[in-house]
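Trainee: Here are the chains, one letter per residue:
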Amino acid sequence: MKKKPLTKNIRPGRGPLTLKEYEKSGGYQAVRKALKMTPQQVQEEVKASNLRGRGGAGFPTGMKWSFVPMGDDAPRPKYFLVNADEMEPGAFKDRLLLEGDPHQVIEGAIVSSYAIQADIAYIFLRWAYKLAEERLARAIAEAYAENYLGKNIMGSDYSLELYLHVSAGRYICGEETALLNAMEGRRAIPRTKPPFPQVCGLWGKPSVVNNTETVCNVPHIISNGAEWFKGLGRSGDGGTKIYGVSGRVNRPGAWELPMGTTIRELLEEHAGGMIDGYKFRGVMPGGGSTDFLVGEHLDVKMDFDSVQKAGSRMGTGTMIVLDDKTCPVGMVHNLEEFFARESCGWCTPCREGLPWLAKILRAIEEGKGEAGDIEILKEHTKLLGPGNTFCAHAPGAVEPLQSALKYFREDFERHIREKRCSYK
Amino acid sequence: MATIFIDNKPYEVKEGQDLLQACLSLGFNVPYFCWHPAMHSVGACRQCAVKQYKDEADTRGKIVMSCMTPAADGTRISIDDPEAKAFRKGVIEWLMLNHPHDCPVCDEGGECHLQDMTVMTGHSYRRYRFKKRTYRNQYLGPFVNHEMDRCIQCYRCVRFYRDYAGGRDLNVFASHDHVYFGRHEDGILQSEFSGNLVEVCPTGVFTDKTLKKHYTRKWDLQTAPSVCVHCSLGCNTIPGERYGKLRRVSDRYNSEVNGYFLCDRGRFGYEFVNSGRRIPQVLVRPERNVDAIPVSREEVLEHISGVLHFGARVIGIGSPRASLEANFALRSLVGPENYYSGMSEKEHALISSIIKILEKGPARSASLNDVMKSDAVFVLGEDVLNTAPMLGLALRQSVRQRPMEAERRLKIPDWHDAAVRAAMQSERGPLFIATPAGTGIDDIAAGTFRGAPDDIARLGFAVAHELNNELPEVTGLSSKVHGLAKRIADELRNAGRPLIVSGTGCLSEAVIHAAANIAWALCEKGRKAQLCFAMPECNSVGLGFIGGSSIGMALKAADEGRVDAAIVLENDLYRRVDAAQLDRFFDKVKNVIVIDHVFTKTSAKADVILPAGSFAETTGTVINNEGRAQRFYQVFIPGLDIQESRQWLRDMMAASHIPLAGQWKTLDDITAAMTEAIPSLKQVREIAPGATYRETGMRVPRQPHRYSGRTAMFSHFLVHEPKPPEDTDAPFSFSMEGYEGRHPSPLIPRFWSPGWNSVQAVNKFQREINGPLRGGDTGKRLIEPGDIERPAYFTVVPAAFNVHDNEILVVPLYHIFGSEELSVISPGVAELSSKPYLALNPRGLKGTGTKEGEEIKLILNGRTYNLPVKFMSDLPDGVAGLPFGLPGSQWVELPAWGRVNPENADIVQ
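So the protein lines, in turn, are chains E and R.
If you're matching positions, the first sequence starts at 252 in our numbering and goes up one per residue.
If you're matching positions, the second sequence starts at 200 in our numbering and goes up one per residue.
For the record, the hints were derived by calculation from the structure and aren't laboratory data.
Just so you know, not all the hints are guaranteed correct.
[Claimed, not checked] In silico contact screen, one side only, chain E against chain R (beta carbon under 7 angstroms); selected entries: (1) Arg442; (2) Cys451; (3) Trp454; (4) Gly455; (5) Arg592.
[To be verified] Pairs of lysine-lysine, BS3-like flavour, derived with a Cα cap of 30 angstroms: (6) E/Lys610 - R/Lys330; (7) R/Lys253 - E/Lys444; (8) R/Lys610 - E/Lys657; (9) R/Lys261 - E/Lys670; (10) E/Lys298 - R/Lys610; (11) R/Lys253 - E/Lys633; (12) R/Lys610 - E/Lys629; (13) E/Lys530 - E/Lys481; (14) E/Lys675 - R/Lys284; (15) E/Lys560 - R/Lys261.
[Said to hold, decoys possible] Reference listing, derived: stretches of chain E covered by chain R, where coverage requires no fewer than 3 residues with Cβ under 8 angstroms from a Cβ of chain R: (16) 268-281; (17) 606-619.
This one's a predicted model, so the numbers in the text were calculated from it and none came from an experiment.
Even for Gly, the Cβ is constructed at its ideal location relative to N, Cα and C.
The following block holds chain E by itself, in its conformation from the complex (with noise of 0.2 angstroms):
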């Protein structure tokens, strides 16, 4: 069980553990053991351990934990919120942990805000997942009757809050400043860093906003320690990762494996490889804004530095299958469609760039190409890139997009071309 620490009480079929039984297999010991730690103690823990932010972007969690203010002087309250607003195309790891374990983030919540020292701790929850919502009011009621939050948590003198917000719904709210201004009833824009949330977040106090699996490793982490952690991967990085595979496999689903698994193994034992009748033709191996890796790149190890090496993201880690019988513009102008979608509408190059975007592909898909769009899109791969955009969605959003355009660039002009569109 300690190879899969994640999901060691997750059973398909079965509601998540009462806190009773949670405390029964090992629950809320990480509590207790934290709450004798002192908190820069737990910091360094986890700095250890090496774990790094799995919401997408790979950041060192201790890393971003220092650079909160500490010490009796610094401002009050602070805050830590879970980001349980997972809506990446093809993601849904959290979800198997927020309605597979909820007191497994509940622990993570209170040890990590215990590790800054927070006053009151949110979990920011997808409004779609009605279930996890439902199961995390009720282990989040269990764990304040038995103190594990609330004043002077198991008689110590740290005391938490916890408080379950459930969104409104936008993609954005999913990067950590626009969350925080959801929080605080503004507009889902993102903010700009620096100045970072450590610093002023939530109610301009001192935040830290972590990913629903970043959290939920952090118990096990303060259990077990860092070493061990860092002997459950396979690469550099620690730990294990929830990996998922959708697409036109035998068997799509999510599972708990080494850091560092690579894309073949995913597919081929853990997703019973692609359904008789279609091929292979790609993968987006982090969710929706991540690159196409091809055939060539099937032995990459699904880690943060080997997966960019191959020139995409891991992202969340969960990854979508592009067959031979899907048409590949066709999937892309979805994905586009709903980054457009979903922009704020704060920032110019992303919120007229992209629907201009979703138009030209539709219109490709349709039939309806021109000579000069490919060139449009392309152009646009470069000036919605890094930098140029107030955020990192209008990047994120071109990834597919770029990548499509260098693996299939073939079916992008044989579309205008043809003017139709052959998967059809």
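Dock chain R against the given chain E, drawing on the hints supplied.
Mentor: This is chain R only, laid out in the frame that chain E set:
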């Protein structure tokens, strides 16, 4: 100073700026949309992209937004880098995807920042072949037109309206490429500053609805620098005219006064100039109570010379809404001893008192810029949003000063507006407001106090006593009020730049005295405390300089039969004195000559009515509440018999053979005579170049270089192009001929620069962004604090206000739209003006069954008024409010004790 490198050339720039501001200050053309000099950077539009390099060796560089990048020492950027240029062009292409091609029918055309930036970046061909998005437009009231299809989503409107001006009823709705800027439903914009949307919007979404009614392109407007006449702050304006009609008023930047903004009364009140209330011609009334009939100039002057015959006892009644020069001309005609200021007894006393306080005390009068920079403020008795609206806008910025210090400690630069606001949240510096009724800026106050004027004064005296215990103690205060006084005193004492705001609004000398005591006590403690008094009219302070006694004295002289004739200058006496008293004055004085530009109750009785020019048709000087003398220039030549008041006075002098007339050829001659007669006005001579000023032998053209129709304008009755009239009073020409280049700042007729056709061109006229205009801001401060050891503190503390049985104290209330005499003649302002009412606290009406809106009898000074009741639940017990100056209301001496519905008198507490 920091050295930055732009395209490999070093430049010295001020530290603590963003790169965009630094580049614009240096004169570079960097395009932008979401950035605004007063609202700073948020990084939304991405238009101001430049290439930044790490160091000299870095040749690749990366694109950054100049507005979001600090101009730190050693920063290396390129504006001309091809990749940056291509990106900037791309941004315009995106913005133009959905922007309608309706420039020819768009009111913004010709002064559109989007047009300018499009040309600047070089985007010209359309590649987008899909449908453009469209929106539904909203009705936003009489001032602002809405055309959402043109929107380029720069967010400046909501940032101004909400963040800067504190408005709530304009917002951004929806998201992605469907964001919508407007109200939650159609309706009148509630902000007093909504008109600034017209200038803040970089394109034609928000345009001036009053201009639309008589539309003219910017290039066809004849303009001249002017000063707003609708309150005492003296905001700088640029009125524009064509075909003898004033078309609009726009902002004229002055870093010390109004900066980039105007209030709606100032911007939209101008239409009185075009109104049917204007006096078009000379009128003489053959006898009282019959209609006046038109006569010729010559006839009337002959008639007047008869009236003003040698030995006749002639008095002159001046006006705080007329220029210094006009008032001085009147004073010269009748002699100083026969000149009256035209202000009511009380107004006269209050203004004299204020000027004395500012001249003799150690506290400096604050400009609006000073107000914005204050870090602790106490407002005594003044409903600033309604009496001096821009002061309210300045106070809104002042409460950000203290929390800004904390943001600086977080290393958030001042210009990083989004971060500053995210960090600041709802934190505000100390602002305390003590007024009889609620005000529109109570939402940003750290504490408010509601009381009768005497109680407001007592709170003020208590604060002063806290600051200096040698000052009179206020006894009998409740512990709550005492605690508030302590708190206010603490905040003011701990502030670096404390400010005390008061004014004539309460019509209470005690309130003004208390304000002075507080400021002086702070000064004695070594604080740089400033005073800011709001006053009733645009030249109230100027009249204080000219001198003369109040109207009351004039009435008395008439009563005593010592007056044969009276000349009333631009003044409706019925707005300042009791009607019965005035009627008696008219009975006693056989010849009343009124010089004014609008018909008033006073002109309705006058024997002779002379049509004067409004502010837009005259040149003159007014002194604002700060003590700043400012020149306003004639914009256009009025038609018919209309001429400047001082010209009428000069003509009268000539007709009556007063030799002075011969010496007064130009305005400069009058100014010279005035500054000689009144030495404290000496500096008025220096506020602007004289009429003979020329640049390379040329005048300053009132008409822009693209003025059209010059040869066609008169062709329906004259085939020749007439010679433009000559201006003897100012160095401007009434034509497009003249020097096109940099003018001395008081003579800038409009902001326009090559490539910058919109109001944004102002950056080319500033020494640096947000700094003074090149050549210095306009106007001269005539009042500086005295250098005194110990100020002459006021020692009389009024007694506590006592609620009377069967009587109620009626205090004045003010309305931005309605209380000011001239602006309310403008249809838009009139539409928003309130009807007269009596404001009562429903608490005092309990058990009477009186409903809101029901008519009620008010007996005041022996006269009965029937007024609808308005509930105002924050009025103190025993106090009622009566709006000042609304159309249809009568002047009443206030504050005064009155009785409400006396037949069941017990209802009044």
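Trainee: Work down the list of hints and note, for each, if the structure agrees.
Mentor: Outcome of the hint check:
Here the hint on arginine 442 of chain E is kept, as its CB sits about 6 angstroms from the closest CB of chain R, short of 7 angstroms. Restraint check, cysteine 451 of chain E versus chain R: the minimum CB separation of about 5 angstroms is within 7 angstroms; hint holds. Among the interface hints, the one on tryptophan 454 of chain E holds; its C-beta lies about 5 angstroms from the nearest C-beta in chain R, closer than the 7 angstroms criterion. Annotation: interface hint on glycine 455 of chain E holds; nearest CB of chain R at approximately 4 angstroms, less than 7 angstroms.
Contact between arginine 592 of chain E and chain R, as hinted, is supported at the beta carbon level, the nearest pair being about 6 angstroms apart and thus within 7 angstroms. Proposed proximity of lysine 610 of chain E and lysine 330 of chain R is supported: the alpha carbons are some 10 angstroms apart, at most 30 angstroms. Restraint check for lysine 253 of chain R and lysine 444 of chain E: satisfied, since their Cα atoms lie roughly 19 angstroms apart, inside the 30 angstroms limit. With a C-alpha separation of about 43 angstroms, the suggested pairing of lysine 610 of chain R with lysine 657 of chain E is violated against the 30 angstroms cut-off.
Proposed proximity of lysine 261 of chain R and lysine 670 of chain E is contradicted: the alpha carbons are some 39 angstroms apart, above 30 angstroms. Restraint check for lysine 298 of chain E and lysine 610 of chain R: satisfied, since their Cα atoms lie roughly 26 angstroms apart, inside the 30 angstroms limit. For the hint pairing lysine 253 of chain R with lysine 633 of chain E, the CA-to-CA distance comes to about 21 angstroms; that is within 30 angstroms, so the pair holds. Taking the CA atoms of lysine 610 of chain R and lysine 629 of chain E, the gap is about 39 angstroms. The hint is violated against a cut of 30 angstroms.
For the suggested pair lysine 530 of chain E and lysine 481 of chain E, the alpha carbons sit about 36 angstroms apart, so the restraint of at most 30 angstroms is broken. Only pairs whose Cα atoms come within 30 angstroms are accepted, and lysine 675 of chain E paired with lysine 284 of chain R is rejected, the gap being roughly 42 angstroms. The suggested pairing of lysine 560 of chain E with lysine 261 of chain R holds, with an alpha-carbon distance near 21 angstroms, which does not exceed 30 angstroms. With a threshold of 8 angstroms between beta carbons, the proposed coverage of the segment 268-281 of chain E by chain R is violated, since 0 of its residues qualify and at least three are required.
Only residues whose beta carbon comes within less than 8 angstroms of a beta carbon in chain R count, and the segment 606-619 of chain E has 4; three or more means the coverage holds.
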